[in-house]
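**Q** Mind docking chains B and C on chain A? Use the hints.
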Amino acid sequence: MTLKRLNPGPRMSQAVCIGDIAFLAGQVPDDLGADITEQTRQVLTKLDAVVKELGADKSDIASIQVWLADMADFQGMNAVWDEWVDRDAPPARATGGVPLARAGMRVEMIAVVALPKSV
Amino acid sequence: MTLKRLNPGPRMSQAVCIGDIAFLAGQVPDDLGADITEQTRQVLTKLDAVVKELGADKSDIASIQVWLADMADFQGMNAVWDEWVDRDAPPARATGGVPLARAGMRVEMIAVVALPKSV
Amino acid sequence: MTLKRLNPGPRMSQAVCIGDIAFLAGQVPDDLGADITEQTRQVLTKLDAVVKELGADKSDIASIQVWLADMADFQGMNAVWDEWVDRDAPPARATGGVPLARAGMRVEMIAVVALPKSV
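Residue numbers (the numbering used here), protein chains in the order written: chain A, 1 to 119; chain B, 1 to 119; chain C, 1 to 119.
Just so you know, these hints were derived from the structure itself, not from any lab. Don't take each hint at face value.
Dumping the calculated DSS-like pairs for lysine-lysine here, alpha-carbon to alpha-carbon at most 25 Å [unchecked claim]:
id: 1; chain 1: B; residue 1: LYS117; chain 2: C; residue 2: LYS4
id: 2; chain 1: A; residue 1: LYS4; chain 2: C; residue 2: LYS52
id: 3; chain 1: B; residue 1: LYS117; chain 2: B; residue 2: LYS46
id: 4; chain 1: B; residue 1: LYS4; chain 2: A; residue 2: LYS52
id: 5; chain 1: C; residue 1: LYS117; chain 2: B; residue 2: LYS117
id: 6; chain 1: B; residue 1: LYS117; chain 2: B; residue 2: LYS4
id: 7; chain 1: B; residue 1: LYS58; chain 2: C; residue 2: LYS4
id: 8; chain 1: A; residue 1: LYS117; chain 2: A; residue 2: LYS46
id: 9; chain 1: C; residue 1: LYS4; chain 2: B; residue 2: LYS52
id: 10; chain 1: B; residue 1: LYS4; chain 2: A; residue 2: LYS117
id: 11; chain 1: A; residue 1: LYS58; chain 2: A; residue 2: LYS4
id: 12; chain 1: C; residue 1: LYS58; chain 2: A; residue 2: LYS4
id: 13; chain 1: A; residue 1: LYS117; chain 2: C; residue 2: LYS52
id: 14; chain 1: B; residue 1: LYS117; chain 2: A; residue 2: LYS117
id: 15; chain 1: A; residue 1: LYS117; chain 2: C; residue 2: LYS117
id: 16; chain 1: A; residue 1: LYS58; chain 2: B; residue 2: LYS4
Restraint-style ranges between C-beta atoms, simulated for each label pair [unchecked claim]:
id: 17; chain 1: A; residue 1: ALA79; chain 2: C; residue 2: ALA79; range: 15 to 25 Å
id: 18; chain 1: B; residue 1: GLU38; chain 2: A; residue 2: GLY9; range: 14 to 24 Å
id: 19; chain 1: A; residue 1: GLY9; chain 2: C; residue 2: THR37; range: 20 to 30 Å
id: 20; chain 1: B; residue 1: ALA79; chain 2: C; residue 2: GLN75; range: 36 to 46 Å
For each residue, glycine too, the CB sits at the ideal point set by N, CA and C.
Looking at chain A on its own, in the form it has when it is part of the complex (with noise of 0.2 Å):
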């Protein structure tokens, strides 16, 4: 069975599909020395644009896991995320704080998708 990948890597693949669902990894800031806010953008404009790529759109986003460094940060990424939102179609969510790969690094979000039918 070949799986559908986006962009893959020597090391993982930026979405890999099984049928009409795409599977993300984890999409991450560039930009470090930021702050939450700033962070928090950062990850949502990659993860649109990773949809896009799909042929998908905000609205086919199902659920995503939203991993913070520091549960501090939580109000910070809600009032950006809160912006960001498709309120008449939102996603099931799920936030934790786990520390994330690189120092500096605040915001990690985790999301499947689903593709539409005709790609």
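**A** Just chains B and C now, with coordinates in the frame of chain A:
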């Protein structure tokens, strides 16, 4: 593509379905002053309720991530889990220590559930 | 609906399948005195075995969450991962720091795997 959602709110949905798979939001306890025994019961009761609302059944739960704010609660969570679980149809499971969104919150569970084909 | 389960025990199954998608239990090392290199090898060997039991193959692994008890083990885990991974068909991945169920346990991996259609 329009995904079926259970109880969408302004921030998240309780569950979002892709085809016959439902991805659930993290289920959390209501009584943050309670011990791990009571909080685990509350989370599993909520999970049972969401599963029922989806038209599914305990044996349709495919996987659960269990997040414990303190891994010292592992035995206490397991004692309640072992009474709850369908021994003929147990889910896949992983349990880890994850700081949660609110002070006093000891356990959160994230489930993936199969929907009856007729739904 | 009866889900296909791999090695169901009294507490959990090793994997539960919804259609052609298998959700695996967290795979953990056996030797809790071993270093991250050996524990990562043990976890990936177990994962390979479960995937094979499912009738699938390394290239059918869609996503893996890697939980490390101590993120200081990130490089050590990656060194073993990079030898193991199918560079032509890498999974989506996210890695975070998560205290695990037993003292000495350094790494746990949670995978989603595509089943061959014929199974």
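**Q** Of all the hints numbered above, which does this structure not satisfy? Sort the numbers upward.
**A** 13, 17 and 18
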